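Position in the sequence shown counted from 1, then plus 8, gives you the working numbering.
Mixed in with the good hints there might be a few duds.
[Unchecked claim] Label-pair restraints from in silico Cβ distances: (1) A141 to K107: 31 to 39 Å; (2) T206 to K129: 37 to 45 Å; (3) K193 to L172: 16 to 24 Å; (4) T117 to D59: 54 to 62 Å.
[Said to hold, decoys possible] Within a straight-line C-alpha distance of at most 25 Å, the following computed SDA-like cross-link-like pairs (lysine to any residue) qualify: (5) K123 to A103; (6) K115 to D130; (7) K78 to T206; (8) K128 to T102; (9) K123 to E136; (10) K107 to R88; (11) K79 to G151; (12) K67 to I191; (13) K78 to A64; (14) K159 to T171; (15) K134 to Q120.
To be clear, the hints were calculated from the coordinates, so they are not data collected in a lab.
The structure presented is a predicted model; accordingly, all values stated were derived computationally and were not measured.
Cβ coordinates follow ideal geometry from the N, Cα and C atoms, glycine included.
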Amino acid sequence: MKIFRAIAAVAFFAAISAGSAFAQPRTNTSSPTPAPTQAGSVPDTKIALIDSSQFADEKQGIYRFVAAMKKVDAEFQPRRTELESLKAQIDTLTANLSKAAPVQDPKVTAQQNDKIEQMKKDYTRKGEDAQAAFEKRLQEVMGPIYEDIGKALDVYAKAHGITLILDVTKIQGIVSASESLDITKPFIAEFNSKNPATAALTPKE
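Sequences are here, hints too, so could you generate the full structure?
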């Protein structure tokens, strides 16, 4: 069982407020209607792309993001080790029973099988509990960072005259786009310069 995998792309980008500088396109299922003719100029629009999956890159990602994920991962290493040990015991007992069953008392086989089944149940329960605790803890630690990234993106957008930022990890159908639209690296560099990695280790109250 694989557990405790932190998601690289921040799901928080899926939640959009009306005043936010970043968004995902909405699908209009109603029949198209001609737009009324209006006088006046068309507003200037500047669109940029960002790849939030790169935030978790250990070498070139957001330092606070990476440090926080490592911190939570380290906290749960003992539970991961416990589960791996239990799984190894189950595999060993199962293999031994497979060899012994044909030549031993069926009652002994039944007892051993019951023990293995109980261990499997314990493994599943402990794994589910650990996963739930991990996800809760990850949200506690990463929540403030997600919030800061969102605020920083809004500030970055306003400073560079960007009216819409699209997260390419959340959008399907972008076949080709100019590299000049990608603000991922410059945004990460600016965020890192203003937010040291150690800040992730001191959650906001």
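Original post:
Is K128 within 25 Å of T102, Cα to Cα?
Top reply: holds, 11 Å
Original post:
Given the proposed pairing of K79 with G151, does the C-alpha separation stay at or below 25 Å?
Top reply: With a Cα-Cα distance of about 14 Å, the restraint between K79 and G151 holds, given a limit of 25 Å.
Subject >> Hint check for K129 and T206 - Cβ pair distance inside 37 to 45 Å >> reply: holds, 42 Å
Original post:
Is K67 close enough to I191, meaning Cα to Cα at most 25 Å?
Top reply: holds, 17 Å
Original post:
Are the Cα positions of K123 and A103 separated by 25 Å at most?
Top reply: Distance ~14 Å between K123 and A103 Cα, so the pair holds.
Original post:
If you draw a straight line from the CA of K78 to the CA of A64, is it 25 Å or shorter?
Top reply: The hint holds at about 10 Å.
**OP:** Decide if the proposed pair is consistent with the structure: K123 and E136, CA atoms, cutoff 25 Å inclusive.
**Re:** Judged against 25 Å, a Cα distance of about 20 Å means the pair holds.
Subject >> Outcome for the supplied range 54 to 62 Å, where the beta carbon pair is T117 and D59 >> reply: Given a distance of about 55 Å, which is inside 54 to 62 Å, the answer is holds.
Subject >> Distance restraint between K134 and Q120, which requires alpha-carbon spacing of 25 Å or less >> reply: Distance ~21 Å between K134 and Q120 Cα, so the pair holds.
Original post:
Taking 25 Å as the top limit, are the C-alpha atoms of K115 and D130 close enough?
Top reply: Holds, at roughly 23 Å.
Original post:
Does the Cβ pair A141, K107 satisfy 31 to 39 Å?
Top reply: Holds, at about 37 Å.
Original post:
Regarding K193 and L172, is the given constraint of 16 to 24 Å on their beta-carbon distance met?
Top reply: holds, 19 Å
Hint compliance for this structure: hint 10 is the single one not met.
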